[in-house]
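When you get a sec, could you build the whole thing from the sequences and use the hints?
There are 2 protein chains.
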Amino acid sequence: MNGKSNVEEVAKIYSGIQAEICRSLEQADGKAFFREDRWEKENGYGITCVIDHGDAIEKGGVNFSFVNGAFTPQLENILGEKANSYSVTGISSIMHPVSPHLPIIHMNVRYFSLDNGTQWFGGGIDLTPHYIDVHEAGHFHRQLKQICDKYDTGFYPQFKQWADDYFFIPHRNETRGVGGIFFDRLKPNGSINFEQLLAFTMDISRAYPALYGSIAQGKKRKQYGASQKKWQELRRGRYVEFNLIYDRGTKFGFDSNGNAESILISLPATAAWEYKNEVPPGSAEYETLQLLRKNIDWIKFQ
Amino acid sequence: MNGKSNVEEVAKIYSGIQAEICRSLEQADGKAFFREDRWEKENGYGITCVIDHGDAIEKGGVNFSFVNGAFTPQLENILGEKANSYSVTGISSIMHPVSPHLPIIHMNVRYFSLDNGTQWFGGGIDLTPHYIDVHEAGHFHRQLKQICDKYDTGFYPQFKQWADDYFFIPHRNETRGVGGIFFDRLKPNGSINFEQLLAFTMDISRAYPALYGSIAQGKKRKQYGASQKKWQELRRGRYVEFNLIYDRGTKFGFDSNGNAESILISLPATAAWEYKNEVPPGSAEYETLQLLRKNIDWIKFQ
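Heads up: the protein sequence lines correspond to chains S and R, in order.
If you count by our numbering, then the first sequence holds residues 40 to 341, one letter each, in order.
If you count by our numbering, then the second sequence holds residues 40 to 341, one letter each, in order.
Errors might be hidden in some of the hints.
Note that the list lumps identical chains together, so a pair holds whenever it fits in one copy or between two copies.
[Unchecked claim] Here are the simulated lysine-lysine pairs, DSBU-like style, with alpha carbons at most 35 Å apart:
(1) Lys315 <-> Lys269
(2) Lys333 <-> Lys290
(3) Lys80 <-> Lys269
(4) Lys261 <-> Lys339
In short, the hints are calculated from the structure, not lab data.
Note that the coordinates shown come from a computational prediction; the quantities given were computed from them, not determined experimentally.
Okay, structure coming up:
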């Protein structure tokens, strides 16, 4: 695969993986099924798969899209590239769980191709627990490192740092969760070619439902009470703040006249805000807040 | 009043009006009281007044602040002015009601003063009903027109249009509610002086609790069920989208290193999102959606 036709091929592969992800997540949930919603606009099309009222998953979506467009000055600014037109295809997914003991998870892979021949991959996967479990975070990061290391041992340290910096809420001075990996502008070069980069994003997107399934399996029956549910709502509020204020995918979606319902599928079913909510020192909520920091070496938590 | 000391005087007046607003809203609510929270940073101070769990008001805030700062390139961009430093003082307030039959209301007035002598007033007031009542909207707009007309009969048509354009959610293609008035960069000039502009913003901020009180009085006992409450949560979700994505005050607050808890007091206690929520044609929810449009001449609804 090379040249201008790449994007069609990648789109075909990603759209197949979208279906795989849905089937795996349905298995992990054990109750709810995705419904599929296809959309088409003058500049592209997509498949939005929505799940709700599950046993583990309260609300989630797996989006696939393939969009072409003119390269506007706005895009020039955002992307720092000059071209006449672009194509982009990708998968993006977020799951909001029923239980406050389960984390929110997000995964996104995308392939950008400009008419001037420039092309790159981007993506990431990150975990936002309502209650941080350092062992769960450790396992998550070790799995990601293993995938990264298959391609380049420099990837994990670099992309883990990138995730720390990207999934950060400046006005709260908090990370969104325990991070994961984030990467962008990964261009084929002398040391890694197009096929390898594509395989890297395929590995990540396939690992995603498996990782979530194993977390959900262990914790979806764990008891919780009203105060833990309330805490979950407040943490969801932070997730909404990040997605609407800082998330570049959301911004890019709106700027490129994307489908609002599909873009905002990332938002939770419910969320809450309270002025200066305070938690008692030593509580599980307090411990979680202490861990919403950059530069934690999660890998070491066995 | 003139020159550089204006801003201290305006701050004193606004801070007095903040207290008046709180007392009036407490009367209108009949149950809850505001608690006062003072904050200070190296570049300014503020008083955040918070109310919650009221009879009519579920969550609300009245903020007063007085901030000085260096004129950054970012501010130059936002404000389109060149200066070394600025001072700004203002009141901003939002009330989220318990009942879906009551509207969300927002009011804001501010005075900006630059070290180069440039100064202006800005502000606005707008109503976001969960269920639009055209007579209530008509009354609201007539009251605003009356205040505007005292100063300049050109104000209402201009500022009503400005509110239609400003309180708009492009990605939803909906207005936030029934609008009201919005104005910015109102500078003293040959036809209106500083004192008159100050008086205009004082009139608006004093009319605000009275307007809300009269609306709440008439409707806070009106019955509602779970489906209306759910609709309210979804509409609150839209309010969150507007505030976090488009609101310039929120953006300016974050950019000027403002107090996050005070800025985000504008968010509701709870909100909800659902993929492609649909309402049956002819329902009250449907009628409301039809009225979330620009350029409706609300005044005519007696």
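Results of checking the hints against the structure:
1. For a Cα distance limit of 35 Å, the shortest separation of Lys315 from Lys269 qualifies both inside one copy, at 14 Å, and across copies, at 26 Å.
2. In this homomeric assembly, Lys333 and Lys290 come within 35 Å of each other (Cα to Cα) both inside a single copy, at 24 Å, and across copies, at 24 Å.
3. In this homomeric assembly, Lys80 and Lys269 come within 35 Å of each other (Cα to Cα) only across copies, at 31 Å, whereas the closest approach inside a single copy is 39 Å.
4. Taking the shortest alpha-carbon separations for Lys261 and Lys339, only the intra-copy value of 25 Å comes in at or below 35 Å, while the best inter-copy value is 58 Å.
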